[in-house]
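**Q** Given next are the chains, with one letter for each unit.
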Amino acid sequence: MKQTDPTDFVQAPGDNLTRAAGKQLAVYAVAAIAILAAVMFLLNALAGMTSSAAGMSRMAVDVENNTITTYLRTEPPQMNSMLATDAVSGMVLAHVMEGLLRYGPDDELVGGVAERWQLDGNTMTFWLRDDARWSNGEAVTAHDFEFAWKHLLEPTVGSQYAFILYPILNAEKANNGEVPIDDVGVEAVDERTLVVTLETPIAYFDRMIAFVTYLPANEAFYQQTNGRYGADADEMLYNGPFMMTSWVHGASMQLEKNPHYWDAERIRLDAINFAHMTSDASTLLNLFKDDQIVMADLGSEMLEEAMLQGWTLSQFMEGTVFYTDFNHRPERLTANLNLRKAMALVHDAGELVNRVIKLPGYLPGKSLFPVWLPGAEDNFREEYPAPTYQRDVAQAKVYLQRALDELGLDRLPPLVLLTGDTPVSRIQAEYYQEVFKRSLDIDLVIDAQIFRQRLEKMTAGDFDLVAAGWGPDYNDPLTFGDLYASWNLNNRGRYNNPALDAQVRIAQSSLDMAERMQAFGEIQRIIHEDVVMLPDYERGIVYVSHPQVRGIRRHVIGAETDFTNAWIEAGE
Amino acid sequence: MENNPIIRRLRPADFEPLSAQASAPMLVRPSRSYWQDAWGRLKSNKRALVSLYLIIGLLLFTFVGPLVWRVDPALQDIDQISIAPGADRSAIVVDPFVAWDGVSIDEGYQGDSGLSLTGNPTTQSVKLRWNAMPSASGYRVYRNNYPTQNLAALGLPLLQINNTRQMFYEDRLDLRPQTYYYSIAALNESGQLTGEYESVEADVVRVITVNEVRARNLSDNPDALQQGDQVRLSFHPLGTDYLGRDMLSRLMAGARVSLFIGLLAPLFFVAAGVLYGATSGFVGGRVDALMMRFADFVVALPFLLFMILFQVVFGIGPGESGIVPMLIALIILSWPATARLVRGQILQIREEAYVSAARLLGASQNYLILRHMIPNTLGVILVTLTFAVPAAIFTEAFLSFIGMGVAPPTASWGSMCNEGLKTMLTHPHELIFPAAMISITVLAFNLLGDGLRDALDAKMRSTE
Amino acid sequence: MFWYTIKRLLQGVLTVWFIATATFIGMHNVPGDPLSGERATNATIRANLEARYGLDRPVTEQYFIYMGNMLRGDFGISYTQQNREVNDIIREHFPVSATLGILAVLFAALGGILFGALTALFRNRLPDYIIMFLVIFGISVPSFVLAALSQLSLVNMNSALGFSLLPVAGWGTVSHMLLPALVLGLGTMAYMTRLMRSSMLEVMSSDYIRTAKAKGLSPTRIFSRHQLRNAVLPVITVLGPAIAAITTGGFVVELVFAIPGLGRYFVQAVQQLDYTVIMGTTVFYGAFLVFMVILVDLVYGWIDPRVRLQ
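One line per chain: the protein sequences are A, B and C, in this order. So for the first sequence, the working numbering puts the first residue at 1; every next one is plus one. So for the second sequence, the working numbering puts the first residue at 1; every next one is plus one. So for the third sequence, the working numbering puts the first residue at 1; every next one is plus one.
By construction, these hints were calculated from the structure, which means they are not laboratory data. A portion of the hints provided could be inaccurate.
As the list claims (entries may be wrong) - Derived SDA-like pairs (lysine to any residue); straight-line CA-CA distance at most 20 angstroms:
| id | chain 1 | residue 1 | chain 2 | residue 2 |
| --- | --- | --- | --- | --- |
| 1 | B | K43 | C | N124 |
| 2 | A | K173 | A | E191 |
| 3 | A | K150 | A | N170 |
| 4 | B | K422 | C | L146 |
| 5 | A | K437 | A | D348 |
| 6 | A | K289 | B | A152 |
| 7 | B | K46 | C | D128 |
| 8 | A | K437 | A | R411 |
| 9 | A | K358 | B | R206 |
Unchecked claim - Partial selection, computed: residues in chain C whose CB lies under 7 angstroms from chain A:
| id | residue |
| --- | --- |
| 10 | N83 |
| 11 | A148 |
| 12 | L255 |
Beta carbons: idealized from backbone N, C-alpha and C, even for Gly.
Next up, chain A with everything else stripped away, as it sits in the complex (with noise of 0.2 angstroms):
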């Protein structure tokens, strides 16, 4: 007897069981989606308590209430201006607070708290508006400036940028811990006037007082804060054209115009609403096109999208100078000067710009000091225009014969590259593996490590190329020129040159421009020389922006987006 096959059972064409399954299913499916639709709508409630666009306008452009929204590539992880390091803190700090001195809509600077500022020999003085409010009301007075410096000097408080106030007398020996911080070369004289004394007189002090660490604070107000200044919107005062009404870690951030600020007329928007926290490229972008954010940045892949939806592109250096760093320890390979210039000979920053990274505002690297810096008279690479190598593969070869020969070797062993973990950085490794392997046989292992692990490894000199990059602190060719000087920890690789060194010193110490930009000059030659770094190339961004708003500047020192001079042009 055959045995029949025991699916037939559901086979069979109008069988009870598969009708009234069909059946049950319909009613299960019905009923699965009000379930989830009920479970969304519980949990939506329960977990309202991190919404990050509740009561927000959800359109890029609000003209009726003035407002923009737009986003933070990540959430300020410090937004206490002690003890920011990083850009986003800064950008925000740039709209809710005021230094001393400012930068204007053109790059100048300009008084922001203090209206007049004097330099006498090593004494500088600041004499403060007597209209400068915090946002609660009392004034700004000069103790709020000597508080603030005096306490990101102390060394418990860990400041990581406190060398940015080491022109100031004593500052580096209070932060070591050397001498008590009372005798730190800044006083408030009277509640509108500080003076501050520098260690030597240095002709770029102004600039760097512009910058985010040099910011106030307000004593009473951060003593009651018991340690949480800055850690949410009420724990901070604001006395910038903006004050933080609301802050909801990690989702969103709202700005509002601050009534008490003594320049409030030159404000033309009354909120900021920073409603999504993403660096996602795409999502930045979806979220532009669905008129959702004011701004975004593009990367190459969406150009072609922008240029046909006829959108307006703007383009802007954003000033950090990226370039190989070769280690110069004694016992490293690299340390042999006619390795070096074989390797510059082969390396070629056009064809890395051009062909390879291909993102339009990205110019190829030819100096350490990018274009965007001033010089004496007018821009410092006008001024004194960066020697460059040409490609040239036979005498390429030549150098490595040479090296070889000194380092007693018949081929070089592998070369250790260590790169970052960005898409950008991922290209040129791979694209130097290549132009080094096919011109002169040299292999190059690729040692792609996420940032901590990285900062380590270059630290500890575990490298022997490393892709690196420098941002300005302040806008004075010494915050890239000074890279190189043997006693900078930032000088990773270990250069040590008593010429250079001299140079820098004289850079430091001169108060004549012109004698300041030639030894910069010098730097630039020596750095070409001698081989020291092999420059990649300086970073622009191409970004879109919603065609009503208007006044969006970006800095390359300072808050890299401004919003300050921003309005709504309506009716278009």
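We have chain A; now place chains B and C onto it with these hints.
**A** Same frame as chain A, but now just chains B and C:
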């Protein structure tokens, strides 16, 4: 009873014993064991056959492919970055690039007052010159892929010139053989557009230098090449990626990595999970509880952290692809899910009648587990296995996404998907091909899993 | 049942302790310095930072201090965001991830059971093929591709429709939850569909179903009371780990849809070696997972009367 027709036909002779017979009709089919039966059913299952062919095809692709298509997956063809399959690959020979000084003008000068091109626009460079504009204190150079309509949509800003001395520009950024629309816009003193601009159209031609031809072996007789000769660049049947590397050879290389991890890891961790879960479920009691707690412990460990740790422990140096540590980490951290699943099944099966029967017959524990229980959980195991394959491939892709996957220039399908995702809108082929390979692999294993389950399911054993 | 639960909970505590210890050891052996920054700091500042975080003590002492604090519920302060306590970070962001995860798993489970049952019932007919095709799609497309594609499609749909069908990114209302949960749950749903299908097919061909039919039970009753209930068991088994896995693995979806969840924080913490966040999150996730597993086991025992809980 005498009325029943069958009873009436019975006779005493029907109850005599039969004598021995020489032969008797045999109505049995040849005896087949479980495995022979399974194999037979597998062969007749069409979908399983298809999947088997697919898998054989994949294996051929992976191992025989590179022998046939001998292109180095790491070779960067800079002139053909991100080209689609079937794109035109002709190039004209020119002299090597010399930076333009902005003054000298070649033949082929395209005159037009205002903005003009100097020389022929090629992929090497496009030279622009323009005359002074009255309102200008500076200029900005724009490039558009589409005809420029108005001031608001000039295109991509390439360079800003903050003086009126420089009135030339040489564009070298990512030039493709297509038509570009350049514009020069006048700026006022504060760097804002004044509204005045000029545009020009440029049809860019792809060019190549003799050195490059020689270096890449594109011609049999490179020395005989004159300026203006035509040369064909290397052939890439599936296009190239973001660094000009051949997609086909990268897919083959990637197959080795992805299939290695995608096949071996699931095999091992499912096997480990099955044995662990079966034992735990079968033995029960405190041992079961202890084993399951250990499994919970393993699941809760942070995968990422231990991935890094394994790589360090195995001494994976910089730039080496830690494939083996990745494999081991995947195995060690993934088996608990299978173990739980199998244990659940075993707990069910344990109570079945045939198990008690076998035990009464004196079966040992090993025999029970291996011969009775595991085959009956095969359905669930096979589903898990066929899902573990793409999961392993994707975990590897995720690791590449956050930078802890294979090191460059090694390729894997997962990392190729990552890269292709970025250029999805403009160069979809970079995403489609690796994604398709993953999908085909997944499909093949799913069909195979289906077929295997149909073949191995003891309850569906066919009888004749 | 009661004592069983207590016993499991105690075992769970022990498991969590093991997890914490293993993570602590692992974390301190990974190379890298949690206090390093782009700008090198001088020795004094460095020493002060170390003192503040207790990194200057020997590792074993750090361990005991940490465990002691943990028992009191204090997970310390984040290294990268020095104003936020780890407790606050978890408290503010876990509900988001949990919401997303629960929805995704619910979606996956309900959908998986439904579709799996359908394919088993209509085996080798059209619904089977359609659903299996979707399943293959769901498992062969990586989550980041799916997330990016879905967001892009939504944008195009919004602009084509002229109004915002669903928000493209962000979090806060019910409509923000829909697409991310769908994307997150799709892979698991495909898996559960297959599981359900295979399990259902086995159940359908088993003896007791034939018995039930022979007994004359109504088809509805056979289906819901016997077939469905038994076939659902493997799905339930993986539900617990699935919730935990989805909740902890939603990093990509959280990034693409700009959702302030814990997954994003955790991956960043590992990348930046933020010790306290890593430890706190791992212990928390571990506890959550253990709890889920216990819950699932209890549910399992309730559904299947043959399983004797010991």
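**Q** Next step is simple, just say for each hint if it's right about the structure.
**A** Quick rundown of the hints versus the structure:
{"no.": "1", "hint": "B:K43 with C:N124", "in the structure": "18 angstroms, holds"}
{"no.": "2", "hint": "A:K173 with A:E191", "in the structure": "27 angstroms, violated"}
{"no.": "3", "hint": "A:K150 with A:N170", "in the structure": "11 angstroms, holds"}
{"no.": "4", "hint": "B:K422 with C:L146", "in the structure": "13 angstroms, holds"}
{"no.": "5", "hint": "A:K437 with A:D348", "in the structure": "14 angstroms, holds"}
{"no.": "6", "hint": "A:K289 with B:A152", "in the structure": "17 angstroms, holds"}
{"no.": "7", "hint": "B:K46 with C:D128", "in the structure": "16 angstroms, holds"}
{"no.": "8", "hint": "A:K437 with A:R411", "in the structure": "12 angstroms, holds"}
{"no.": "9", "hint": "A:K358 with B:R206", "in the structure": "17 angstroms, holds"}
{"no.": "10", "hint": "N83", "in the structure": "4 angstroms, holds"}
{"no.": "11", "hint": "A148", "in the structure": "6 angstroms, holds"}
{"no.": "12", "hint": "L255", "in the structure": "5 angstroms, holds"}
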